[in-house]
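Let the hints inform the model, and build the full structure from the sequences given.
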Amino acid sequence: MNSLILTAFARIFFAILIGVSIFILYRGHNQPGGGFVGGLMAAAGFAVLALAEGVAAARRALPFHPVTVMGIGLVMAIVSGVPGLFSDDSYLTHWWFHAGDFHTGTALIFDIGVYLVVMSGILALVLRFYEEEGEH
Amino acid sequence: MTSIILAAFASALLARPLALRFAPHGGWIMALAPGGLFVALLMLGLGLPANGPLSETVEWVPALNVELTFRLDGFSWLFSLLITGIGTLVTIYAGAYFAEKSPEKGANFIALILLFMSAMLGTVLTDHLIVLYVFWELTSLVSFLLIGFDSYKASARKAALQSLIVTAGGGLALFAGILLIGLALDTYSLSEIATRGDELAASPLAPAILVLVLLGAFTKSAQVPFHFWLPGAMAAPTPASAYLHSATMVKLGVYLLARLDQPFSAMPAFGITLIVFGTATLIVGGVRALTQPGFKAILAHSTVGSLGLLVLLIGLEGDTAAIATIGFILGHALYKAALFFCAGTAIHATGRTEVTQMSGLATALPWTAAAAGLAAISMAGLPPMVAFIAKEYIFEAQLNAGTNWLVIALTVLGNAAFVMIALLASIGPFFRGRLAPLPLQHSEVAGMALGPVTLAGLSLLFGLAPALIAGPLIAPAASALVGAPVEVSFSLWHGFTPMLALSAVVVVLGIGLWLAWPSLLQRLQGGRLSHALGDAGYNFVFDGVLKIAKLSTRILQNGDQHRYGAIVLGATVVIVVAGLIAAAPPFALDTSLDGFRIGPAVILAFMVFGAVCAARLISLLGAVVAAGICGFGSALLFLLNGAPDLALTQFSVEVLVVVIMMALLLRLPVRRTLTRMRSERRMDALLSGAFAFLVFLALAAMTTMPLDLTLSDYYRATSYPEAFGRNVVNVILVDFRALDTMGEIAVIAFGAMTVWGLLRRRIRKTAGGAS
Numbered sequence: 468m469n470s471l472i473l474t475a476f477a478r479i480f481f482a483i484l485i486g487v488s489i490f491i492l493y494r495g496h497n498q499p500g501g502g503f504v505g506g507l508m509a510a511a512g513f514a515v516l517a518l519a520e521g522v523a524a525a526r527r528a529l530p531f532h533p534v535t536v537m538g539i540g541l542v543m544a545i546v547s548g549v550p551g552l553f554s555d556d557s558y559l560t561h562w563w564f565h566a567g568d569f570h571t572g573t574a575l576i577f578d579i580g581v582y583l584v585v586m587s588g589i590l591a592l593v594l595r596f597y598e599e600e601g602e603h
Numbered sequence: 020m021t022s023i024i025l026a027a028f029a030s031a032l033l034a035r036p037l038a039l040r041f042a043p044h045g046g047w048i049m050a051l052a053p054g055g056l057f058v059a060l061l062m063l064g065l066g067l068p069a070n071g072p073l074s075e076t077v078e079w080v081p082a083l084n085v086e087l088t089f090r091l092d093g094f095s096w097l098f099s100l101l102i103t104g105i106g107t108l109v110t111i112y113a114g115a116y117f118a119e120k121s122p123e124k125g126a127n128f129i130a131l132i133l134l135f136m137s138a139m140l141g142t143v144l145t146d147h148l149i150v151l152y153v154f155w156e157l158t159s160l161v162s163f164l165l166i167g168f169d170s171y172k173a174s175a176r177k178a179a180l181q182s183l184i185v186t187a188g189g190g191l192a193l194f195a196g197i198l199l200i201g202l203a204l205d206t207y208s209l210s211e212i213a214t215r216g217d218e219l220a221a222s223p224l225a226p227a228i229l230v231l232v233l234l235g236a237f238t239k240s241a242q243v244p245f246h247f248w249l250p251g252a253m254a255a256p257t258p259a260s261a262y263l264h265s266a267t268m269v270k271l272g273v274y275l276l277a278r279l280d281q282p283f284s285a286m287p288a289f290g291i292t293l294i295v296f297g298t299a300t301l302i303v304g305g306v307r308a309l310t311q312p313g314f315k316a317i318l319a320h321s322t323v324g325s326l327g328l329l330v331l332l333i334g335l336e337g338d339t340a341a342i343a344t345i346g347f348i349l350g351h352a353l354y355k356a357a358l359f360f361c362a363g364t365a366i367h368a369t370g371r372t373e374v375t376q377m378s379g380l381a382t383a384l385p386w387t388a389a390a391a392g393l394a395a396i397s398m399a400g401l402p403p404m405v406a407f408i409a410k411e412y413i414f415e416a417q418l419n420a421g422t423n424w425l426v427i428a429l430t431v432l433g434n435a436a437f438v439m440i441a442l443l444a445s446i447g448p449f450f451r452g453r454l455a456p457l458p459l460q461h462s463e464v465a466g467m468a469l470g471p472v473t474l475a476g477l478s479l480l481f482g483l484a485p486a487l488i489a490g491p492l493i494a495p496a497a498s499a500l501v502g503a504p505v506e507v508s509f510s511l512w513h514g515f516t517p518m519l520a521l522s523a524v525v526v527v528l529g530i531g532l533w534l535a536w537p538s539l540l541q542r543l544q545g546g547r548l549s550h551a552l553g554d555a556g557y558n559f560v561f562d563g564v565l566k567i568a569k570l571s572t573r574i575l576q577n578g579d580q581h582r583y584g585a586i587v588l589g590a591t592v593v594i595v596v597a598g599l600i601a602a603a604p605p606f607a608l609d610t611s612l613d614g615f616r617i618g619p620a621v622i623l624a625f626m627v628f629g630a631v632c633a634a635r636l637i638s639l640l641g642a643v644v645a646a647g648i649c650g651f652g653s654a655l656l657f658l659l660n661g662a663p664d665l666a667l668t669q670f671s672v673e674v675l676v677v678v679i680m681m682a683l684l685l686r687l688p689v690r691r692t693l694t695r696m697r698s699e700r701r702m703d704a705l706l707s708g709a710f711a712f713l714v715f716l717a718l719a720a721m722t723t724m725p726l727d728l729t730l731s732d733y734y735r736a737t738s739y740p741e742a743f744g745r746n747v748v749n750v751i752l753v754d755f756r757a758l759d760t761m762g763e764i765a766v767i768a769f770g771a772m773t774v775w776g777l778l779r780r781r782i783r784k785t786a787g788g789a790s
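Keeping their order, the protein sequence lines are chains A and B.
Note that this note's numbering has the first sequence beginning at 468, numbered continuously upward.
Note that this note's numbering has the second sequence beginning at 20, numbered continuously upward.
Errors might be hidden in some of the hints.
Listed next, with one range per pair, are the computed distances between beta-carbon atoms [what the hints assert, rightly or not]:
1) B:GLY618 to A:SER470: 52 to 60 Å
2) A:ASP568 to B:LEU758: 25 to 33 Å
3) A:SER470 to B:PHE625: 24 to 32 Å
4) A:SER470 to B:LEU180: 56 to 64 Å
5) B:LEU693 to A:SER470: 48 to 56 Å
6) B:TYR583 to A:SER470: 31 to 39 Å
7) B:ALA597 to A:SER470: 51 to 59 Å
8) A:THR560 to B:LEU160: 39 to 47 Å
9) A:ARG527 to B:TYR583: 50 to 58 Å
Selected chain B positions facing chain A (Cβ under 7 Å, derived; list incomplete) [unchecked claim]:
10) LEU667
11) LEU675
12) PRO740
13) PHE743
14) ASP754
Calculated directly from the structure, the hints in this document are not laboratory data.
For each residue, glycine too, the CB sits at the ideal point set by N, CA and C.
As C-alpha cells, this is what we get:
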C-alpha cells in the first residue's frame with residue numbers, strides 16, 4: 468500500500484503494538500489482558516508492518532517461521548504442565564515463586580505459549596493472504 | 020508361556036536383518052526360531068495330563084481389568100503345535116521359494132510369516148477374551164500384508180483389501196460380542212466363561228452375543244456368506260497360502276467356536292445355526308471347485324468346504340463330535356498344507372497356474388509328487404491315513420447325534436467333493452500323461468521338498484500308528500473341548516460299520532465327480548452359478564456404499580457457500596424449535612422494562628443499522644466496514660456490562676478481521692455481482708429472520724431463569740488464594756481450566772497450519788497458471 472504516512476509510522480506502530488501486547492500478556496493475571504488478547508495484538512502489529520512494507524519485511528521482523536513459532540508456543544504450554552506431575556501428581560498444577568507481593572510461576576510460561584500460538588497462527592494466515600504470487 | 024510369545028515376537032523383529040545377513044540360507048536359519056518354539060511347546064505340553072492346564076498371568080492394563088493371562092490346555096496345545104510346526108516348514112519353504120527374488124523380498128516375507136505366527140500363538144494361548152481379540156485382529160492385519168505382498172498387482176491389492184474388510188469388520192462384531200459377554204458375566208476369562216454357560220444363556224444379552232460372536236467367527240473362517248474372501252486370498256505367495264489360508268488363520272474362527280461350544284451349547288440356537296451354515300459352506304466350497312481350473316483356487320475352495328465341515332462338527336453334541344473335530348483339524352492341517360506346498364512347487368516349476376495345463380510332473384519332481392500322492396490319499400479319506408480315521412469319526416458323530424438325514428447326505432456329497440479335489444490335485448498334474456515338452460523353470464530343491472514330504476509322512480505315520488497321537492494329543496484336546504475326560508480309541512479298522520459304508524459311497528461318488536469334472540468345468544466356468552456363489556454380493560454392497568458416499572457428497576459438499584450456510588442455519592432452527600416444543604412447561608418472557616438503560620439501546624440500534632447495511636451494500640468494502648460496526652458495537656456492550664477482557668479481545672478480533680478481509684478484497688472485484696435469484700434471496704431472508712428470532716427468544720427466555728452463581732463465586736473466592744491472580748478470567752484460562760485452553764490452542768495451531776498449507780497449494784497453482 469503506497470501511503471507515505473503509513474510507511475513512516477509503521478515501524479513505530481509495530482514497536483508500540485508489540486510492546487503493549489507483551490505488557491498486556493504480563494499483566495493479564497491480575498488485570499484485563501492475558502496471552503490470548505496479547506497474541507491478537509501482536510499479530511495486529513505484524514499485520515501493520517505487512518500492510519506498510521510488504522510481507523517480506525514482516526517476515527524478517529520475526530526470527531522464525533510463523534509455523535515454527537506456533538510449535539514453540541504449543542510445546543511451551545505443554546511443558547509448563549510437567550512440573551505439576553512431579554510435585555502434585557497432577558498435570559498442569561502450576562508451580563509458584565513468591566517474593567513478597569510478587570508472584571510468578573509456570574502459569575506465565577503457559578500463557579506465553581498461548582500468546583505465541585495465537586499470534587503466529589493468525590500471522591501465518593495474514594502473511595499468506597497478503598503475499599504476492601511466487602513467494603512462500 | 021509369556022516367554023514363548025515374547026520369543027516369537029522377538030524372532031519376528033530380528034527376522035529381516037538376520038535373513039538378509041545369511042542371504043541365500045535365510046529360510047533355514049530363521050526356521051530355527053519356530054522350530055525351537057515347537058520343541059519348547061512339545062516339552063511343555065507333554066507334562067499336561069498330570070498337571071492339568073498351565074496358566075500364567077502378567078498385568079497389562081490394570082485400569083481396564085485386562086491382564087495377559089496365558090493358559091495351555093490340550094486344545095491350545097494342539098493349535099500351538101500346528102502353528103509352530105507348520106510355521107517351521109513354511110519358513111524353510113519360503114526361503115527356497117524366494118531364493119531367486121531379491122533378498123529383501125524374501126527377508127520381508129519371512130519377517131511377516133514369523134509375525135503372523137506370533138500373533139496366532141498369542142490368540143490360541145491367551146485365556147483373556149480382550150487379549151485374544153487384540154491378537155485376532157493382528158492376524159487379520161498381517162494376513163492383509165501377506166495377501167497384498169505382490170503389491171504391484173492390482174488383483175493382489177483388491178484381494179488384500181477384501182479380506183481385511185471382511186475379517187477385520189467381522190472382528191469388530193466379535194469385539195462387541197466380547198464386551199457384551201463381559202457385561203453379562205463380569206469376566207473375560209475363557210476358562211471361567213466355559214463353566215458359566217447357563218448364566219450366559221439366561222442373560223437378556225444372549226441373542227446379541229450369539230449373533231455378534233458368530234459374525235466374527237464366520238467371517239474369519241470363511242463361512243457362507245463370507246466365504247468369497249478366502250479364494251481371493253490365494254493372491255498371496257504360496258507359502259502364505261499354505262500357512263494362513265489352509266492350516267492356521269482360517270481355523271481361528273473354528274478355534275473360537277470350539278472354545279465357546281461348551282458355554283454356548285446352553286443356547287438352543289447355537290448348534291442348529293452352526294449345522295446350517297457349516298453344511299451350506301461345505302456344499303458351496305465343493306460346488307465352486309467345479310467352476311475353476313486354477314490349482315490354488317481348487318485347493319482354496321476345498322478349504323472353504325473343510326471349514327464348513329468343522330463348523331458343522333462343532334454344532335453337533337457329544338464326545339464323538341469333539342474327537343472328530345480334533346481329528347479333522349489335525350488331519351486337514353497336515354494334508355492341506357502339504358498339498359499347497361506341492362501346488363506351489365508345481366506352479367513355481369512350470370510357470371503355469373491351472374491344473375489342466377500340467378501333466379506328468381512326477382518324473383521331474385519325484386519327492387513333491389510322492390508327497391502330493393500321499394496327501395491326496397489322506398484328503399480323499401482313504402486308509403491308511405490319519406484323515407481316514409477322522410472321517411470315520413465324523414460320520415459316527417453324526418449318526419450318534421441323530422443328525423437329520425439331509426445333513427448326512429450333504430456331508431457325504433461334500434466329502435465326495437474332497438475326493439474329487441484330491442484326485443484333481445494329484446493325478447492330473449503329477450501322475451497322468453508324460454512331462455509336457457515345455458522346459459521346467461526350476462527343479463526340486465531340498466527346502467521346497469522338505470515341507471510336503473514331512474507333512475505327508477506324518478499323515479501316513481499317524482494313520483499307521485494312531486496310538487502315537489490318540490493318548491497324548493487327541494484325548495487332552497477333546498477333553499479340553501468337552502470339559503471332562505474323554506476316552507479316545509483311534510484305530511484304522513473299526514469293523515464293518517455304517518460309517519464304513521458311507522465312506523465307500525463317498526469314494527464312489529468322488530470318482531464319479533472327478534470323471535465328470537472336465538465337462539462340468541467347461542459348462543460352469545465363468546457362468547452364472549460361479550458368479551452368484553462368488554463375491555457378487557460383496558461387490559454389490561461395496562459399490563453401493565461408494566455410490567451413497569458420492570451421492571451424499573454431491574448433495575452436502577457441493578461447494579456452494581450459500582447452501583452450507585442454509586443447511587447449518589436450517590438445522591439449528593429445526594433443532595431449537597423441536598427443543599422448544601419438547602420443553603414443558605413453556606418458557607416465560609420478561610416483558611417489563613425494569614432496568615432499561617439508554618446506552619446499550621443506542622449501541623444496539625447502531626448494530627442493527629450496521630447489519631442492515633452489510634446485507635444491502637453492493638460495495639464489498641462498505642460491507643466489511645458495516646459488519647465492523649456490529650463487531651465494535653458488541654465490544655462496547657461487553658465493556659458496558661463489566662467484561663473488559665471480552666471487550667479487549669473483541670476489539671482486537673475486529674481489527675484483525677478487517678485486516679484479513681482487506682487482504683481478500685485485494686484479490687476480488689470491489690463491487691460484488693448479484694448471483695442470487697430473487698426467490699433465493701427471499702428464502703435467505705426468511706431463514707436468517709427465523710434464526711434471529713429464535714436466538715432472541717432463547718436469550719429472552721434465559722434472562723428470566725435464575726442464574727446459578729455457584730461456580731462463579733467459587734472461582735472469584737479462590738482465584739487469588741490458590742492461583743495468585745486477581746483477573747478471574749485469566750486465572751481460569753491458564754490455571755483452573757488450563758487443560759481446556761491447551762486443547763483450544765492446539766486446535767488453533769492445527770487449524771492455522773491446515774489453512775496455511777491449503778493456501779500454499781492454491782497460490783502456487785494460480786501462479787503457475789499465470790506464467
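For each hint, the structure was consulted:
Taking the beta carbon of each, GLY618 (chain B) and SER470 (chain A) are about 35 Å apart, not inside 52 to 60 Å as hinted. ASP568 (chain A) and LEU758 (chain B) have their C-beta atoms about 29 Å apart, which keeps the hinted 25 to 33 Å range intact. Distance hint check for SER470 (chain A) and PHE625 (chain B): the Cβ-Cβ separation is about 28 Å, which falls inside the suggested range of 24 to 32 Å. The hinted window of 56 to 64 Å between SER470 (chain A) and LEU180 (chain B) holds, with their beta carbons roughly 60 Å apart.
A C-beta distance of roughly 32 Å is found between LEU693 (chain B) and SER470 (chain A), which places it outside the suggested range of 48 to 56 Å. Range check, TYR583 (chain B) to SER470 (chain A): about 37 Å between beta-carbon atoms, so the 31 to 39 Å window is met. Distance hint check: the CB atoms of ALA597 (chain B) and SER470 (chain A) are about 53 Å apart, consistent with the given range 51 to 59 Å. For THR560 (chain A) paired with LEU160 (chain B), a C-beta distance near 40 Å keeps the hint of 39 to 47 Å intact.
Between ARG527 (chain A) and TYR583 (chain B) the CB atoms are about 38 Å apart, so this pair departs from the stated range of 50 to 58 Å. Annotation: interface hint on LEU667 (chain B) holds; nearest CB of chain A at approximately 5 Å, less than 7 Å. Using the Cβ-Cβ criterion of 7 Å, the hint placing LEU675 (chain B) at the interface with chain A is satisfied: the shortest such distance is roughly 6 Å. For PRO740 (chain B), the interface hint is violated, the least distance from its beta-carbon to any beta-carbon of chain A being 11 Å, above 7 Å.
The beta carbon of PHE743 (chain B) comes within 4 Å of a beta carbon in chain A, closer than 7 Å, and the hint placing it at the interface holds. A hinted interface residue such as ASP754 (chain B) counts as satisfied when its beta carbon comes closer than 7 Å to some beta carbon of chain A; here the least separation is about 5 Å, so the hint holds.
Hint compliance for this structure: hints 1, 5, 9, 12 are not met, and every other hint is.
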